[in-house]
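S.K.: Model the full structure from these sequences, guided by the hints.
Okay, here's what each chain looks like letter by letter:
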Amino acid sequence: MPDPRFFTVAAPLTLKALAERAGARIPAGADAERVMRDVAPLETAGPNDVSFFDNKKYLRAFQNTRAGAAFVHPTALMHAPKTLVPLVTEKPYRSYGLAARAFYPEPTTEAGVHESAVVHPTARIGAGTQVGPLVVIEAGVEIGRDCRIGPASIIGAGCMLGDEVRIGAHASVSHALIGSRVVLYPGVRVGQDGFGFAPDPAGVVKVPQLGRVIIEDRVEIGANCTIDRGSGPDTVIGAGTMIDNLVQIGHNVQIGRGCIIVAQVGISGSTRVGDFVQIGGQGGLTGHLTIGSGARIAAQSGIMRDVPPGATVMGSPAVPIKEHFRQVEILHRLATHKETSSEGE
Amino acid sequence: MPDPRFFTVAAPLTLKALAERAGARIPAGADAERVMRDVAPLETAGPNDVSFFDNKKYLRAFQNTRAGAAFVHPTALMHAPKTLVPLVTEKPYRSYGLAARAFYPEPTTEAGVHESAVVHPTARIGAGTQVGPLVVIEAGVEIGRDCRIGPASIIGAGCMLGDEVRIGAHASVSHALIGSRVVLYPGVRVGQDGFGFAPDPAGVVKVPQLGRVIIEDRVEIGANCTIDRGSGPDTVIGAGTMIDNLVQIGHNVQIGRGCIIVAQVGISGSTRVGDFVQIGGQGGLTGHLTIGSGARIAAQSGIMRDVPPGATVMGSPAVPIKEHFRQVEILHRLATHKETSSEGE
Amino acid sequence: MPDPRFFTVAAPLTLKALAERAGARIPAGADAERVMRDVAPLETAGPNDVSFFDNKKYLRAFQNTRAGAAFVHPTALMHAPKTLVPLVTEKPYRSYGLAARAFYPEPTTEAGVHESAVVHPTARIGAGTQVGPLVVIEAGVEIGRDCRIGPASIIGAGCMLGDEVRIGAHASVSHALIGSRVVLYPGVRVGQDGFGFAPDPAGVVKVPQLGRVIIEDRVEIGANCTIDRGSGPDTVIGAGTMIDNLVQIGHNVQIGRGCIIVAQVGISGSTRVGDFVQIGGQGGLTGHLTIGSGARIAAQSGIMRDVPPGATVMGSPAVPIKEHFRQVEILHRLATHKETSSEGE
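Residue numbers (our numbering), protein chains in the order written: chain W, 1 to 345; chain V, 1 to 345; chain Z, 1 to 345.
What the hints contain is simulated information worked out from the structure, not anything from laboratory work. None of the hints are false.
One copy or two, it doesn't matter: identical chains are merged, so the pair holds either way.
Below are the DSS-like pairs computed for lysine-lysine, each with C-alpha atoms no more than 27 Å apart in a straight line: (1) LYS82 <-> LYS56; (2) LYS91 <-> LYS57; (3) LYS82 <-> LYS57; (4) LYS56 <-> LYS91; (5) LYS57 <-> LYS206; (6) LYS322 <-> LYS56; (7) LYS16 <-> LYS91; (8) LYS16 <-> LYS82; (9) LYS206 <-> LYS56; (10) LYS322 <-> LYS57; (11) LYS206 <-> LYS91; (12) LYS206 <-> LYS16.
Source: prediction; values computed, not measured.
M.R.: Written out as structure tokens, the structure reads:
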């Protein structure tokens with residue numbers, strides 16, 4: 001059971017209600033009125049908990065779970081223990097997420113500005129929005145409805161935020177236009193001027209960075225990420241894109257819709273990333289590239305050339321993933337063969 | 001045009017004035033008194049804007065630009081559209097930077113200490129310096145003239161800052177002596193004790209870190225970087241060195257003058273980096289190395305040995321860049337050859 | 001001598017006292033009552049300073065040092081200059097650390113809550129604990145004795161901290177149970193919800209993250225690290241584990257006791273790391289792996305499979321370190337051989 005210090009569970013739900021909310025089917029013969037009280041992982045779930053099975057690494061845990069119900073793909077039904085009501089769905093993890101949200105809805109926001117916040121008189125703050133302690137909101141800021149502006153965060157002069165935006169603790173935002181339902185995690189840095197200067201032996205010449213950061217609806221940006229503003233064009237993060245922690249986005253980068261960018265990725269200036277691109281952890285992209293929509297870039301890859309739409313690449317420098325695995329295999333064979341043959345010398 | 005929510009353009013300038021400030025030449029016959037009102041990228045510039053062309057990737061944009069003038073290298077003059085006055089310079093990007101600074105000078109600082117700041121009575125703050133809201137300035141701090149100490153930043157006990165220093169939001173500084181015209185971006189961590197301990201199965205022994213961080217004039221350190229103080233010797237960042245976001249600098253590292261260190265680089269303890277060294281994004285250097293002046297280290301490289309002055313290296317582990325590209329080519333050939341031959345088996 | 005702006009040395013100590021505290025032996029015939037006044041690196045130490053020699057890279061500095069005494073391994077005694085009293089120990093760096101702590105003990109904490117801190121009335125704060133300026137402590141927090149809660153840090157609702165915990169400037173903590181003698185460095189982010197969502201072309205479904213972060217005794221977490229809370233299970237950092245700066249720990253990761261994790265490492269969700277594991281800088285581990293106790297993972301390695309206990313691996317993808325070096329050698333030979341032979345073509 002989630003720790004009640006931190007989480008409060010909502011009312012129990014019948015399997016029928018859960019299945020409806022989660023887009024799953026109850027098998028014929030199961031008791032649709034049976035009541036579930038919580039969600040839990042397979043290992044710790046009990047008869048009143050609903051769980052899910054979505055990764056064959058956890059097959060044994062699934063076979064041995066005491067969960068009362070679990071979301072499961074049709075092809076995995078045969079592994080379900082008899083004590084469990086399988087809730088059948090093509091997307092078990094998605095269904096589980098919807099069920100968990102039913103038990104643990106977002107806490108409602110208490111509107112109002114904390115007395116310790118420093119809010120410029122020209123700032124406009126929408127109805128239902130909560131401004132936490134020690135927040136700084138500068139001149140001309142406009143914030144929509146039902147936002148949560150976390151403790152000690154800073155919203156710089158002129159920034160606009162849509163509705164239902166969540167700003168984490170210690171985040172700082174400047175030169176940015178932010179859509180609705182955006183989440184910035186703690187320590188995010190948005191809008192500082194990028195790495196823009198002309199090298200010169202007599203001393204670099206800094207180039208004023210005159211663009212903005214545009215963050216579209218439903219974007220999430222993980223803890224301690226850094227998103228530089230554009231140098232003239234804007235830096236743009238497309239709607240629904242999910243960015244993990246400690247990611248670096250350089251100036252003028254344009255990222256499309258629905259991308260998934262894992263922790264510690266770095267994207268250099270002016271690179272354009274299409275829609276629904278996935279980039280694995282610690283991947284690095286040099287500047288001025290074009291990454292086609294639907295491309296998948298494996299973890300730790302180094303991208304120095306354009307990637308075509310839909311391609312899957314890996315390695316540093318990255319090559320098509322099949323070639324990468326072949327390279328790895330060949331190196332392995334050469335290295336182990338050499339060992340064998342040199343023993344015979 | 002830069003968004004007036006965030007940027008305010010200064011007075012218009014003649015081509016003559018712009019060329020003088022930017023170190024460029026106006027071709028014979030051009031109207032030196034023609035007035036420019038703004039800077040803009042090639043794609044969006046209009047007849048009253050000045051732009052620049054410095055990367056052949058943008059050749060088509062240059063050929064089609066509607067810009068009234070642009071900084072351009074003598075060798076690229078033939079690509080200029082007829083509607084454009086070319087401002088000829090060996091360093092188009094540098095000239096553009098100077099022009100942009102003429103249109104967008106640094107905003108002047110309103111001096112004074114915000115009422116919400118917590119400033120120790122023994123701290124000394126120079127004339128013209130601005131201390132933002134919710135700043136903490138501890139005992140014995142000395143800050144020079146015309147600095148901007150950003151909102152919610154922390155300057156730890158005993159630190160010294162020169163003149164015209166800019167400290168970003170949420171930056172924290174301790175055990176540091178900082179020169180003039182230094183810029184620390186938001187979320188920078190300077191001066192915490194480094195990763196210094198003696199491993200021991202019975203529990204590590206922490207070793208007091210008794211050095212400082214010395215940051216020389218005109219250094220810039222990007223958002224969320226971490227610079228540990230020395231363990232006994234100091235950690236030193238040489239004059240004019242530019243550091244991008246999310247870079248890690250270990251204790252006792254000494255970096256020379258005019259280096260360029262791209263985002264997410266990590267430099268381990270006690271490594272010495274010469275002058276004018278360039279390190280690409282996500283590069284990693286182990287400890288106790290010597291990197292010669294003028295060396296260039298490619299992105300994602302892993303450096304485990306000293307690098308001679310002027311060398312260019314790449315790969316993990318890094319080798320001279322020519323050898324690296326040969327390695328890449330050989331692996332590619334082996335991998336693709338194997339595919340062909342195995343089809344014939 | 002450490003800069004008195006930042007460090008205050010305690011009373012002088014005799015060699016006898018130093019040797020006792022540091023677990024070292026004084027050679028027969030040396031003056032055990034001789035007084036040392038400070039610690040210093042070999043290069044700058046004088047006759048009243050104690051130093052150490054533990055890395056053969058610094059052999060010349062050791063041979064030429066003016067230090068009055070130094071901790072040294074029995075096998076290195078022959079290199080000691082005659083002016084120096086060798087303090088003999090199997091662990092010179094550990095002994096040095098203990099000596100340095102004798103000269104520079106942790107400053108004592110002035111207890112009390114700064115008037116600018118925002119502390120919820122339901123929070124409980126132990127005796128001897130210092131709460132710095134502009135700290136936020138939310139509802140239901142429990143903090144033990146003799147802690148230092150650094151300036152502008154945030155302790156979220158319901159969190160528990162043990163005794164003698166040090167929280168750095170601008171750190172933010174939520175959904176966490178923290179043991180005793182833990183150190184969080186500036187800018188650490190603990191407890192935000194992890195990268196947990198079900199991708200979906202119609203818009204990702206966020207999955208509530210219902211676990212916590214458990215940080216056991218004596219853990220240290222470096223500046224600007226990010227530690228996500230569990231999704232249902234907890235994220236756990238085992239006792240005595242040392243984590244350098246800018247490290248990413250995903251949700252549900254379990255790390256054992258006494259591990260050493262160098263800067264910029266990333267560990268993806270649900271991976272389990274055993275006890276006394278070492279991970280070099282910028283190493284990356286994908287999710288759902290098991291890393292056996294005592295394993296060593298070299299810098300920049302990419303781990304995509306389980307690592308057995310005690311193994312040493314390197315490379316991306318990682319292989320046993322001997323094979324890695326063989327791979328590197330083979331590639332080097334192929335690349336340089338090719339050059340030679342193609343010259344003959």
